[in-house]
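Enquirer: Respectively, the protein sequence lines represent chains A and B.
Under this note's numbering, the residue at position 185 of the first sequence is numbered 185, and the numbers go up by one with no gaps.
Here this note's numbering = 1-based position in the second sequence + 1000.
These are calculated hints, taken from the structure and not from any lab test.
Every value quoted in this text rests on a predicted model; they were computed, and no experiment measured them.
Hints should not be assumed to be uniformly reliable.
[Said to hold, decoys possible] Calculated Cβ distances over 10 Å to all of chain B for the following chain A residues: (1) 43; (2) 48; (3) 53; (4) 54; (5) 129; (6) 131; (7) 138.
[Stated by the list, open to error] Label pairs and their in silico Cβ distance ranges: (8) A/87 to B/1162: 29 to 37 Å; (9) A/188 to B/1058: 51 to 59 Å; (10) A/19 to B/1080: 46 to 54 Å; (11) B/1157 to A/182: 24 to 32 Å; (12) A/184 to B/1064: 27 to 35 Å.
We treat Cβ as the ideally placed atom computed from N, Cα and C, and that holds for glycine.
Protein chains: 2
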Amino acid sequence: MTKRLLTMRVMSASTPEPDARARLGLAAVEAFASRGFHGTTTRDISTAAGMSPAALYVHHRSKEELLFELSRVGHQRVLDVIRAAVARSDDPVEQLGDLVEDFVRDHAVAHTGARVINYELSALSEEHLAEILAIRHEFDVVVREVIDRGVATGAFTTPDTRMTALAVLSLGIDVARWYRDGGRWTPDEVAVHYRLLALRMVGVAGS
Amino acid sequence: MTKRLLTMRVMSASTPEPDARARLGLAAVEAFASRGFHGTTTRDISTAAGMSPAALYVHHRSKEELLFELSRVGHQRVLDVIRAAVARSDDPVEQLGDLVEDFVRDHAVAHTGARVINYELSALSEEHLAEILAIRHEFDVVVREVIDRGVATGAFTTPDTRMTALAVLSLGIDVARWYRDGGRWTPDEVAVHYRLLALRMVGVAGS
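Can you build the whole structure from these sequences, using the hints too?
Expert: Encoded structure:
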């Protein structure tokens, strides 16, 4: 699924005027990615969406509310992705492998949106930031539980589960920084290689 | 060395008015990190440095020139760091381990500056970007050469040297995103753990 389709789908869920909200969301992601949250005006977003300068305020209370909505929906979608990956198996090796593969593929495909929601956290209000950090904490919990299970079964070995879990997620998040459409590798190629790297990071023998 | 001292040292080299330039550099890093390049004005930087609104123009032709100087000096310094690490040994295992440890420690200590120079590349002019990308290409070359040597000696095994080299650097760069002063781990603790992770990523037996 392309980044555009993904954003459209994300933004069009459960809203009375899906087209206008989706267009604003897409325009905001592109603007925040290229000029940053603080370098983007509500007028920039509205006009890039083909709407009147103040149109953003029909759908969102502020630029920050729009960033928060993009961030909340994006983070929840990724949490669903990694939970679904873990639910497909009982074997920690398969669980971690599938989780990393799906997490990395997602960050390659949706790299523009992922950069915005990972790099503009400091632009959120204190209350909104707390809500997003709670979802991000769940990412850590999911990965840590899988690594802990692998250590318990003897499949994994690591001197620090917490830092290893962070590093596995970090590796996937940074894909959004360097990945370019039409570059050397497809999202699938990166995802498959990163699955191997993550399994090696937790010391899976023979990986 | 603290981030402030590091930036001071970097900015104070070979300039006729080290204090003014260093203060502008520090103020620019902090402003770009918190509001982004496009969300920061030259006035913001000058006044944060305790100078008159137009003072930046005494030392730099533009805000972009200042970002470029920070970026060029910062990238060159990191390239020197990883080249020095590799030069300390002939053993690819030690070379990669030392390289990762020093690269990661640097990105934890100087995380604010590292975020700016990694995340604001698109704000550079085409000519300046080309110069920075040439230095970044050298990062890849250094890491790839070490991994290739390790594969040649049989110490490393990887199905894709190029992607593995990118992932090793990526893991270090992303430390600048998540690392916080006074958080759970010291820069040394992260550096030592990441050394292990990187050696596992290249398949070092028993790591």
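Enquirer: Now look at each hint and say whether the structure bears it out.
Expert: Quick rundown of the hints versus the structure:
1. The claim that residue 43 of chain A is not at the interface with chain B holds, since no C-beta of that chain comes within 10 Å of its own (minimum 15 Å).
2. A cut-off of 10 Å between C-beta atoms confirms that residue 48 of chain A is not in contact with chain B; the least separation is 15 Å.
3. Every CB of chain B is more than 10 Å from the CB of residue 53 of chain A (nearest about 19 Å), matching its label as outside the interface.
4. Distance to chain B confirms residue 54 of chain A as a non-interface residue, since its nearest Cβ pair spans about 21 Å, more than 10 Å.
5. With 10 Å as the threshold on Cβ separation, the claim that residue 129 of chain A sits away from chain B holds: the shortest Cβ distance comes to roughly 14 Å.
6. Residue-level check passed: residue 131 of chain A sits 19 Å from the nearest beta carbon of chain B, beyond 10 Å.
7. The beta carbon of residue 138 of chain A is kept farther than 10 Å from every beta carbon of chain B, the shortest such distance being approximately 16 Å.
8. About 33 Å separates the C-beta atoms of residue 87 of chain A and residue 1162 of chain B, a value consistent with the hinted range of 29 to 37 Å.
9. At roughly 52 Å, the beta carbons of residue 188 of chain A and residue 1058 of chain B sit within the given window of 51 to 59 Å.
10. For the hinted restraint 46 to 54 Å between residue 19 of chain A and residue 1080 of chain B, the CB-CB distance of approximately 53 Å keeps it satisfied.
11. About 30 Å separates the C-beta atoms of residue 1157 of chain B and residue 182 of chain A, a value consistent with the hinted range of 24 to 32 Å.
12. The hinted range of 27 to 35 Å is satisfied by residue 184 of chain A and residue 1064 of chain B, whose Cβ atoms lie roughly 29 Å apart.
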